[in-house]
Amino acid sequence: MRITQGAFSFLPDLTDQQIGKQVEYCLEQGWAVALEYTDDPHPRNTYWQMWGLPMFDLRDPAGVVQELNACRDANPEHYIRINAFDSTKGWESVRLSFIVQRPSDEPGFRLNREEGAGRNLRYTLDSYAVRRSPEGQRYAR
Amino acid sequence: MNADPRQALATPAEATEAPESGPVDLAAEFRDAGIGEVLDALDRDLVGLEPVKRRVREIAALLLVDRVRQRRGLSSTPPSLHMSFTGNPGTGKTTVAMRMAEILQRLGFCRRGHVVAVTRDDLVGQYIGHTAPKTKDVLKRAMGGVLFIDEAYYLYRPENERDYGQEAIEILLQVMENQRDDLVVILAGYADRMERFFESNPGMKSRIAHHVDFPDYSDDELSEIGDRMLAQWNYRFDDDGRRAFAEYVALRRAKPGFANARSIRNALDRMRLRQALRLFECGEVVDESALTTIVEADVRASRHFQEEAAAGDRPG
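Quick mapping for you: the protein sequence lines, in order, are chains A and B.
Quick note: the first sequence, position 134, residue 134 per this note's numbering, numbers continuous.
Quick note: the second sequence, position 308, residue 308 per this note's numbering, numbers continuous.
Quick caveat, the hints were computed from the structure, so don't treat them as lab data.
Just so you know, not all the hints are guaranteed correct.
What the hints assert, rightly or not - So the derived list for chain A, only partly shown, Cβ under 8 Å to chain B, looks like this:
#	residue
1	Met55
2	Asp57
3	Leu58
4	Arg59
5	Asp60
6	Gly63
Virtual Cβ for every residue (Gly too), placed ideally from N, Cα, C.
All chains should be modelled from the sequences, with the hints used to inform the complete structure.
Below you can see the structure in the form of structure tokens.
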């Protein structure tokens, strides 16, 4: 199951050139671009690992694409996303976030139904990949 | 799929990518690129520096021709654009680097045309493992523009073999070779020390295509630079002041620590201070011409004239 998180996730995967264009837009807006990666695809997982520090004062996407390729080499079967942080007063938050790499095989999620008092049902998502193996070994190399 | 209008919109350039043929109008190319204005501005705004201006023109012409050749499929590899600017302090290396970035951008060899000026401190770290991230960070900031490394020879310290400068040089070399389309590196510094730096780093020398030498300014040129600087700040010399300033330039050149145009700017700053104090202490109502004029007394109050006078008075 292809996970859909962040912007553009219903589109086909972006090419490097398209990623560069998106980053270029972010830089034109004055946002700081950062890379993050994880192998826990749960939609509520906010603790992605940072790939280096956010990149400030860039003028050109070439630097980001270079870091992205380094991150891909180190984590070939992880999810990688690009975050663009807007530091202007009032925003001070991530303005754009999109996935730029995903594992070749995404097993998807199981829907857990937990019966509560009065026949209530509580639903939670359980990732097959996370259940299958510990961190770092979840996706085939 | 080719009929998809969005695709046709997305790549209008590639649709007409067939190599051109037939004669080419280089003058029109030159006009369209808009580098004529930059070169003229260079000629107009910078005093002297004839050999440098000629070299910049040569490089611009080479790049223009190369661009035409690339479009016709005559040359496949992008030209190497890394340069080294050698010359004494204050001879305009940074200023020319800014213009060079503009020329490169107009010719499409450089996407943004900004200049990131750094020295050893910005590239080399203080402890093991600090240098690589620091250098890479600077390189990332300079992508799409020009990385100007002032006094580049400080990167290499042969007397300390554990110096981290070598690491920075290696990262630089790698990027200079592999990401030629993304980044142009300009190294700057004194001629003799740069020469020694290149001798000990042959990899660096072979990757630099253009060596530009900046000559010292003559006394007349320095006087003119002084005039222009004052005009920029809305000041001017009166006639006696200008004569005194010409004498000052000759005196200052003989003194240690002379840094061409930079010394001139500092001297002018001090003369403005003296002028301000003179106006303030005269206690009268001053008009606009007094506010903008630097007179002989402001110039002659300089330390260098007084030392000269003292040396003249000394017996023997």
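For this session: Please name the hints from earlier in the document that this structure breaks, with their numbers sorted from lowest to highest.
Result: none
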